[in-house]
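Enquirer: Fit the two chains together into the complex; they arrive one by one in their own frames, and the hints show the way.
The primary structure of each chain is shown beneath.
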Amino acid sequence: MKFGIFYELSVPRPWDGESEKRVYDNALEQVALADELGFDSVWAVEHHFLEEYSHCSAPEIFLTACAMRTKKMRVGHGIVVCVPEFNHPIRVAERAAVLDIVSGGRLEFGTGRSATWVELGGFRANPDETKKTWDEFVRCIPKMWTQERFGYEGRAFSMPTRAVLPKPYQKPHPPMWVAVTSPGTEIDAAERGMGSLGLTFGSFKEQEDKISNYRRIIANCEPVGQFVNNQVSTVNFLFTHEDTETGNKHGRRLLGTFNFLASQLVAARETYPSKSYQSLGLLPTLRREAAGPGDDAGVPEGIAIGDPERVLRACKMWESVGVDRINFLLNANETVPQEMVLNSLRTFAKHVMPHFQDSGAQAAAAGGGGR
Amino acid sequence: MPRYGSMADVRAFMPNPPEIQTFKIEPWKLKGAQIINLLAEVNGEKSDALLPKAMHPSIPSYAMFNVTVYPDSPAGKFGIGEVRVASRAGVRPRGFVLRSFVDNEAARRELANRWGYPVAPGDVYMRTFHDRVVARVSSQGRVVLELEMLDRDYISGGDIQYLSSMHLARNKADGKLILAQIDPEWTFSRAERGRPRINTFDASAFGAGDNLVVENIISVSYTICDVTLGNIRYYCDPDKPAFQGTTQVAA
Chain P
1 MKFGIFYELS
11 VPRPWDGESE
21 KRVYDNALEQ
31 VALADELGFD
41 SVWAVEHHFL
51 EEYSHCSAPE
61 IFLTACAMRT
71 KKMRVGHGIV
81 VCVPEFNHPI
91 RVAERAAVLD
101 IVSGGRLEFG
111 TGRSATWVEL
121 GGFRANPDET
131 KKTWDEFVRC
141 IPKMWTQERF
151 GYEGRAFSMP
161 TRAVLPKPYQ
171 KPHPPMWVAV
181 TSPGTEIDAA
191 ERGMGSLGLT
201 FGSFKEQEDK
211 ISNYRRIIAN
221 CEPVGQFVNN
231 QVSTVNFLFT
241 HEDTETGNKH
251 GRRLLGTFNF
261 LASQLVAARE
271 TYPSKSYQSL
281 GLLPTLRREA
291 AGPGDDAGVP
301 EGIAIGDPER
311 VLRACKMWES
321 VGVDRINFLL
331 NANETVPQEM
341 VLNSLRTFAK
351 HVMPHFQDSG
361 AQAAAAGGGG
371 R
Chain Y
1 MPRYGSMADV
11 RAFMPNPPEI
21 QTFKIEPWKL
31 KGAQIINLLA
41 EVNGEKSDAL
51 LPKAMHPSIP
61 SYAMFNVTVY
71 PDSPAGKFGI
81 GEVRVASRAG
91 VRPRGFVLRS
101 FVDNEAARRE
111 LANRWGYPVA
121 PGDVYMRTFH
131 DRVVARVSSQ
141 GRVVLELEML
151 DRDYISGGDI
161 QYLSSMHLAR
171 NKADGKLILA
181 QIDPEWTFSR
191 AERGRPRINT
201 FDASAFGAGD
211 NLVVENIISV
221 SYTICDVTLG
231 NIRYYCDPDK
241 PAFQGTTQVA
251 A
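Protein chains in written order, with our numbering: chain P, 1 to 371; chain Y, 1 to 251.
In isolation and in its complexed conformation, chain Y is listed as follows (with noise of 0.2 Å):
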């Protein structure tokens, strides 16, 4: 059967979880959203340690580096920067995320408190220009992740492919620690693609150490698109395979 994440302990991963006040969460609809999203194929033989048990590594195993900017939320603009690993709860694919950088208290504590979300504060900066679109992010005034988009090229929103993410966060109701599935839907106003480019990636920033090394870097896309970022839908057991340990939220 298929490999399973071989995270030795969740626990010392991420030792102090943000915690899950209630599963009824006011949705956040987010509007003129710009990410971009670079996907890169790891070595899975290191990557496998970053994945809960719950998971399956895909085949290949990639991670995705992803940065957007909110020019506007109930907490105002901020900016996240984030690295997931490719995986699959049971069948369906998602995003592993290791961390992320907010460059917004205010939306920090709301990302923490509302969705769990693993965010530490930062800075983020992403600009355009005709031959590329830059994304950085830095935490303590260190660049730890910078990529690039060069060549852009229009393409049209209904070819990318976003995934759904999950994270480990607390269950405040039972103070589990959980895997929280966060589903946003997206709506594409642009979308362009372009040659990728990664300039600076500190692992260890993103909680990787050194299992998370790009070997062969695949595609990045640029989009700007309305968000939604609505309730936790599911949430798993991250000591236990999906199928087994998933539990599906009461609208």
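Extracted from the complex, chain P is given alone in its bound form (with noise of 0.2 Å):
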């Protein structure tokens, strides 16, 4: 199991000329502190025009400064959105791959297609269309990367032959990824040999069953890449404290914030009746989880929230069904003071990864953090 950190970057109203820097010096320091603790990895969404829920309409900038400022961390760029209103397939090649050279080698490539009308209708993309550009962006890209020229006559783009370039510096290029958030796009993640950067939707058992077709399908599959990655990760909130008490009470607002700020956009399939979104995405999935049955804390079974013996629990539950990532959402609309948020992880390294072989935990946790 590997543990890592995942960002949306919500600012929270009313806005002032230091709220956003705030928002992204606050999330820079924890992904160094992140580096230090041993966490595998830091993940940047890519959103746009979503107010206050997400800042990160650059994900590829935030994660250069996130590579700048730590020596060991995966930078995961996930998910770029593959539609071509909002990046062509070809800008999209070469600013993963610039961002791959300059981390060494350490880029993660999530894909996906975006689930709220606020950025399809705000960059005029078609809904329909975003399951077949999405496919054909996934195919064309790793052959961008690994082909000295690419040529290429579509349907979503087109381009006569040229090299695209650089070239990553990972070989043959980075892992890729898709964004689970629909049902049965985990088996569009596994039948094209990418990894499923997946929900902790549904319940355990069925979160199993996912992964045991994922896994099945994977063994027969046709890379789009030129090598399999397969793997799961799903997300979670994190927010652990030695006191069982304040571990609830500020994981329990964490959960609350995220699913008011996420409910106040308007998903795709709200307001565009289309077949190509049958479910309403990542937003209302996530909030379904963060406001599901909870134990006697009001925490939701299988939220990282609580006193570390609490979140452990979580953890194992979700390595025993399959999981092999965990990225953590750490923060929602700054409700946790950045301290907290720092010495939750702290308390997460010292108490939880240890728990988990190749967490990263081993070497780090004991010694790091230390600030």
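Since the hints were made in silico from the structure, they are not lab data.
Glycine included, C-beta positions come from ideal geometry on N, C-alpha and C.
Treat the hints with care, as some may be off.
Every beta carbon over 10 Å from chain Y, so not counted as near; a handful from chain P, in silico [what the hints assert, rightly or not]:
| # | residue |
| --- | --- |
| 1 | HIS55 |
| 2 | ARG95 |
| 3 | VAL102 |
| 4 | GLY105 |
| 5 | GLU129 |
| 6 | LYS171 |
| 7 | THR246 |
| 8 | PRO337 |
When the alpha-carbon atoms are kept at most 20 Å apart in a straight line, the in silico DMTMM-like pairs for lysine to aspartate or glutamate are as follows [to be verified]:
| # | chain 1 | residue 1 | chain 2 | residue 2 |
| --- | --- | --- | --- | --- |
| 9 | P | LYS131 | Y | ASP159 |
| 10 | Y | LYS29 | Y | ASP103 |
| 11 | Y | LYS46 | P | GLU51 |
| 12 | P | LYS275 | Y | ASP151 |
| 13 | P | LYS275 | Y | ASP159 |
| 14 | Y | LYS29 | Y | GLU185 |
| 15 | Y | LYS77 | Y | GLU110 |
| 16 | Y | LYS240 | Y | ASP48 |
| 17 | P | LYS21 | P | GLU60 |
| 18 | P | LYS132 | P | GLU85 |
| 19 | P | LYS132 | Y | ASP159 |
| 20 | Y | LYS31 | Y | ASP103 |
| 21 | P | LYS171 | P | GLU51 |
| 22 | Y | LYS24 | Y | ASP174 |
| 23 | P | LYS275 | P | GLU129 |
| 24 | P | LYS132 | P | GLU222 |
| 25 | P | LYS143 | P | ASP188 |
| 26 | Y | LYS24 | Y | GLU110 |
| 27 | P | LYS131 | P | GLU191 |
| 28 | P | LYS275 | Y | GLU192 |
| 29 | P | LYS275 | Y | GLU19 |
Expert: Shown next as structure tokens:
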């Protein structure tokens, strides 16, 4: 099991000239600490126009800053919106390659298609087309990275033969992932040999079945890249504190704030009837998780909130159903004070990470994180 | 935290709201309803003023232009045309009803008395053609809303997502102004979408004054479905955030 951290970069109103800088600065401080503590990766979303909820529209730049402040952590570009109105695939390939080079080969490349009308409508993208364009992007980008020259006549885009430069530092190319939000996307991921960048949705049993299905299909996949990335990652919340009441209280506040912010956004399905968006996507899925039936402390099952013992139990349960990585959301709208976020990371590294093999904690947690 | 509605005075917006006599309402099962529902982004800086302080504007702000014809009901055939502003009651997506027009006086009385629906008399017209569906709402002989769905294209009822609505009404039991939530059940037998067009929209006729400015039309759908209008299950205090001011009606 590996542990990463994951950023939406939400910025609370009222906004002043310092609001966004404060959030970015706090995040970068957390990233530097997480690297010292032995967390494996830092991921950043690509979102546009999502007021308060996410001011992370240029994740490749934020991740470059992360790479410059860290030594070992991998940088997860997750996810890049594979819709041509948002990103031309050539630019995606180029930017990702540069990030891989400057990070010294630490890029994880996540892909997706956006699930909100705010974003799709903002770029005047056609919601009916996004699954198709995603498919085209993920087939072409690894070829742009690995072939000296690449030319293409396609549906979403075409290009005469050119050398797409630079090439990624990792050979043959960085691991590829797809965000799994809609039911069945885990099958898309498996069939293409891509990692499943999923959510903690459904019961553990349901999740176990999905992972088992993913593993079965990926064993016979036709990879879009030059290798198979057989990995399942989930997203979770993290707030832990040695004092149970403090852990639960601030953790529940984090869940509630995220839930509240996410629900204000208009999902594609809410406004645009389309077969392409049968589910509401990431936001309501996470929201359901965050609002699901709780234990005695009011914390939903499987959510990494509370004292270290409870958080350890939650992580062990995810490990037992076959999850390889958990990426944690550490804050929402800065509702948890920065010092408490940093302390939560240290507490997790000290009390939880050592219970997992390959978590990176063995070497780092014992002495790291002193600040 | 998210923005709140900024309606200056809900009482001034709706000085004489319909009065809900009781929350124990005999449901209406309405078969074969034809619904045309057009969604359009609106200027949020203005439309926030159309939402009570209990509600949050959606991101982005949008409005629902809805015309429904019920071929049969306990009050006979009737058509209703209304405009709602998309919002959130806490975390729940809801459409706040500005005004409705109904073309059947008996139905209008029933909707007002049973569900507290803010309905005015008007004329409602809907026609389907092979190339389009046209819906029109008139008040005092003047067209206040005309919608079209062009280039009809079949989709599945599963692709449609209607929102529950909320409207201002008075609770007879204590005389207080409330936001009543209506959450009908829809069973679709046909669903289509097409190219949306608004030919006429008189915002003032729907109580919006200058505050509902259409900026970007999103989509339109046309469905045939059975609709059940049931009990009011929740209502809110229009002046308090929904998290604090929501009352669940005993079943």
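Enquirer: Work down the list of hints and note, for each, if the structure agrees.
Expert: Going down the list of hints, with the structure as the test:
The claim that P/HIS55 is not at the interface with chain Y holds, since no C-beta of that chain comes within 10 Å of its own (minimum 13 Å). Distance check for P/ARG95 against chain Y: the nearest CB is about 27 Å away, which clears 10 Å, and the non-interface claim stands. Every beta carbon of chain Y lies more than 10 Å from that of P/VAL102, the smallest distance being close to 34 Å; the non-interface claim holds. Every CB of chain Y is more than 10 Å from the CB of P/GLY105 (nearest about 38 Å), matching its label as outside the interface.
Taking the minimum C-beta to C-beta distance to chain Y, about 15 Å, the non-interface status of P/GLU129 holds against the 10 Å cut. For P/LYS171, the non-interface assignment is confirmed: its Cβ lies about 42 Å from the closest Cβ of chain Y, beyond the 10 Å cut-off. Every CB of chain Y is more than 10 Å from the CB of P/THR246 (nearest about 22 Å), matching its label as outside the interface. The beta carbon of P/PRO337 is kept farther than 10 Å from every beta carbon of chain Y, the shortest such distance being approximately 16 Å.
For the given pair, P/LYS131 sits about 16 Å from Y/ASP159 by alpha-carbon distance, which is consistent with the 20 Å threshold. A hinted pair counts as satisfied when its Cα atoms are at most 20 Å apart, and Y/LYS29 with Y/ASP103 qualifies at roughly 19 Å. With a CA separation close to 17 Å, the supplied pair Y/LYS46 and P/GLU51 stays within the 20 Å bound. With a C-alpha separation of about 18 Å, the suggested pair P/LYS275 and Y/ASP151 falls inside the 20 Å cut-off, and the hint holds.
For the given pair, P/LYS275 sits about 6 Å from Y/ASP159 by alpha-carbon distance, which is consistent with the 20 Å threshold. Of the supplied pair hints, the one linking Y/LYS29 and Y/GLU185 holds, its CA atoms being roughly 9 Å apart against a limit of 20 Å. Restraint check for Y/LYS77 and Y/GLU110: the C-alpha separation of about 13 Å stays at or below 20 Å, so the hint holds. The straight-line distance between the Cα atoms of Y/LYS240 and Y/ASP48 is roughly 16 Å, inside the 20 Å bound, and the hint therefore holds.
Only pairs whose Cα atoms come within 20 Å are accepted, and P/LYS21 paired with P/GLU60 is accepted, the gap being roughly 17 Å. Under the criterion of a C-alpha separation no larger than 20 Å, the hint pairing P/LYS132 with P/GLU85 is consistent with the structure, at around 13 Å. A hinted pair counts as satisfied when its Cα atoms are at most 20 Å apart, and P/LYS132 with Y/ASP159 qualifies at roughly 18 Å. Distance check on the hinted pair: Y/LYS31 and Y/ASP103 sit about 18 Å apart at the alpha-carbon level, within 20 Å; holds.
About 38 Å separates the Cα atoms of P/LYS171 and P/GLU51, which puts this hinted pair outside 20 Å; it is violated. Among the hinted pairs, Y/LYS24 with Y/ASP174 is consistent with the structure: their alpha-carbon atoms are about 16 Å apart, no more than 20 Å. For the given pair, P/LYS275 sits about 10 Å from P/GLU129 by alpha-carbon distance, which is consistent with the 20 Å threshold. For a cut-off of 20 Å, the pair hint linking P/LYS132 to P/GLU222 stands: about 17 Å separates their Cα positions.
The suggested pairing of P/LYS143 with P/ASP188 holds, with an alpha-carbon distance near 19 Å, which does not exceed 20 Å. Only pairs whose Cα atoms come within 20 Å are accepted, and Y/LYS24 paired with Y/GLU110 is accepted, the gap being roughly 14 Å. Note on P/LYS131 and P/GLU191: the hinted pairing holds, with a Cα-Cα distance of about 15 Å set against a maximum of 20 Å. Taking the CA atoms of P/LYS275 and Y/GLU192, the gap is about 12 Å. The hint holds against a cut of 20 Å.
Pair hint P/LYS275 plus Y/GLU19 does not hold up; C-alpha atoms about 41 Å apart against a cutoff of 20 Å.
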